[in-house]
Amino acid sequence: MRVYGLIDGNSFYCSCQRAFEPRLKHRPVVVLSNNDGCAIARTREAKALGVKMGDAWHIARKRPESQSIVWYSSNYALYADMSRRMYQVLAERLPAVEPYSIDEMFLDLSDLPGDLHERCRQIRQDVADHAKIPTCIGWGPTKTIAKLANGLAKDHVELDGLCDLTDPAVRKDWYCRTSIDEVWGIGRQTKQKLLGAGIKTIADFVALDAKTVRQMLTVVGARVQAELRGQSCLPLSDIAATRKSIASTRTFGRLLLKWEEIREAIAHYANRAAEKLREDGLEAAHLSVLMQTNPHNGDPWYAKHAAVTIEPTSDARDLIRHATALGRAIWLPGYRYFKAGVVLSDLRPAGSQGLMFAFRDPVQSATVMAAMDAVNARFGSGTLRPGSTGLKRTWSPRQSLLSARYTTRLEEIVRARSW
Amino acid sequence: MNYQGDRTTGFASPAGDNIEGTIDLMSAALDLRQPSRYPVRVEGDALLGRSIRHGDILVVDSAVAPRAGVVVVASVGDELRVCELTQRAGEWWLRSSSPQASSIQVDDDTDVAIWAVATGLVRTDV
Chain A
9 MRVYGLIDGN SFYCSCQRAF EPRLKHRPVV VLSNNDGCAI ARTREAKALG VKMGDAWHIA
69 RKRPESQSIV WYSSNYALYA DMSRRMYQVL AERLPAVEPY SIDEMFLDLS DLPGDLHERC
129 RQIRQDVADH AKIPTCIGWG PTKTIAKLAN GLAKDHVELD GLCDLTDPAV RKDWYCRTSI
189 DEVWGIGRQT KQKLLGAGIK TIADFVALDA KTVRQMLTVV GARVQAELRG QSCLPLSDIA
249 ATRKSIASTR TFGRLLLKWE EIREAIAHYA NRAAEKLRED GLEAAHLSVL MQTNPHNGDP
309 WYAKHAAVTI EPTSDARDLI RHATALGRAI WLPGYRYFKA GVVLSDLRPA GSQGLMFAFR
369 DPVQSATVMA AMDAVNARFG SGTLRPGSTG LKRTWSPRQS LLSARYTTRL EEIVRARSW
Chain B
6 MNYQGDRTTG FASPAGDNIE GTIDLMSAAL DLRQPSRYPV RVEGDALLGR SIRHGDILVV
66 DSAVAPRAGV VVVASVGDEL RVCELTQRAG EWWLRSSSPQ ASSIQVDDDT DVAIWAVATG
126 LVRTDV
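Chains A and B supply the protein sequences, listed in that same order.
Residue numbers for the first sequence, in my numbering: 9 to 427.
Residue numbers for the second sequence, in my numbering: 6 to 131.
So that you can see chain A by itself, here it is in the shape it has in the complex (with noise of 0.2 Å):
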């Protein structure tokens, strides 16, 4: 029989940083977005508090029941490592994984010899033990029923972080006292539409008739039904294909008025862009600039982007010059800008086209990105790169409460004390 599992990271972020300190053990943790700006993740402790997701640092840090909380800048070469460890132990487990997001992985249940409920609790123990993340695990014979199995896990406390939707008789229960806003695909648009027509559980939703939703919620809600009545439509996919576009964008560590620093800030995101298409073997056709001031402290509004259509190329320096040719075309002075960002598209492998005016050699232009990312890759991402994105970067994205990253950087390593 066709089972789908989905795992997911009990607050993960917070939870890679418990991973390294004992006294986080009970504490409240919160994680913050880039900038330090929002709270992204909240451990249990935190949202008995009254965190809420996308509250703002300053002014949460501020109430008095927020004493006892840690907070952190978010990590992301810490979680991308944990990520992938938790990864790691699910694949030496099973046939097939999906990393879906950074904190959620779905599993390949199908044809498993033993009692399932029984190996799932392992592979919890397992995720637990040997990567350090506290998880759940949801499964069902489909994909949407069992994300919705990891929900059910995850809300009710008794279930003890597993959840078998595989059962009819089970899930038309859970389906009866189940609100259909729980459902992976169905939006808050959506969710109106449905409540308009006096459908609030999923039982209520799983008993119209198909045509009646394909009418009202087109296509994507019939699949979400037929997912939900046991046919699957969504099969386990692969680690994620070729990417369509590679954004940079960033808001800045404060209000940036001068060209030459918003300069400095295209560069180095143009730069960023341009190790991550090499890192996929890929060029770029096309290139868009942003920028834009705060929506949200009465500056006078300005926003714009521009676009060109350039030579394929994935070389730092290309990229840099027509970003920050770009850059200068739509910066106006007079604005505090507060965000900017470059975003390459039609993107396509590595020497695919012959060209026979290219601006720079192609086969020195791969020798010099060749030694940038080698230098980068043994001694640390940023050690060496082009001079115009900046040396003090002072406009860099605040991260005041950054935790080590131990897992990444030899020096930051996790002590301990001989005893």
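Quick caveat, the hints were computed from the structure, so don't treat them as lab data.
By construction, the Cβ of each residue, glycine as well, lies at the ideal position given by its N, Cα and C atoms.
Here are a few chain B residues that sit away from chain A, every Cβ distance over 12 Å (derived from the structure): (1) G15; (2) S18; (3) D22; (4) Q110; (5) V131.
If the Cβ cut is set under 10 Å, some of the chain A residues that face chain B in the computed set are: (6) A27; (7) F28; (8) P30; (9) R31; (10) K33; (11) M94; (12) Y95; (13) Q96; (14) V97; (15) E100; (16) D137; (17) H138; (18) Y414; (19) L418; (20) I421; (21) W427.
Please build the complex by placing chain B on the supplied structure of chain A, with the hints as guidance.
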């Protein structure tokens, strides 16, 4: 450039079928790519008796089953410690290198837990 003792130009190398490559210490002994392996920097000389020095990098593995006599990294309350593990009457204990200090029982209720078992050591200042 890539001569391994095999592709000679004159006489065919009798070793051609026996080329094994240099030892990759990283994958043979340390292998931090294993999802259960973590590097830990040792602070203090309390375990000199086990030849573990201040500044050493211990490679520890959270998938290895604990055995009596191994060196472990354990969480004791708020801190991580490197120490020896012993077993008494079916219970696990952390043994201090100091004869004055008494052992601590591994017990979730008192926040004493084994974090990982030491499997290797790297010393860069010899």
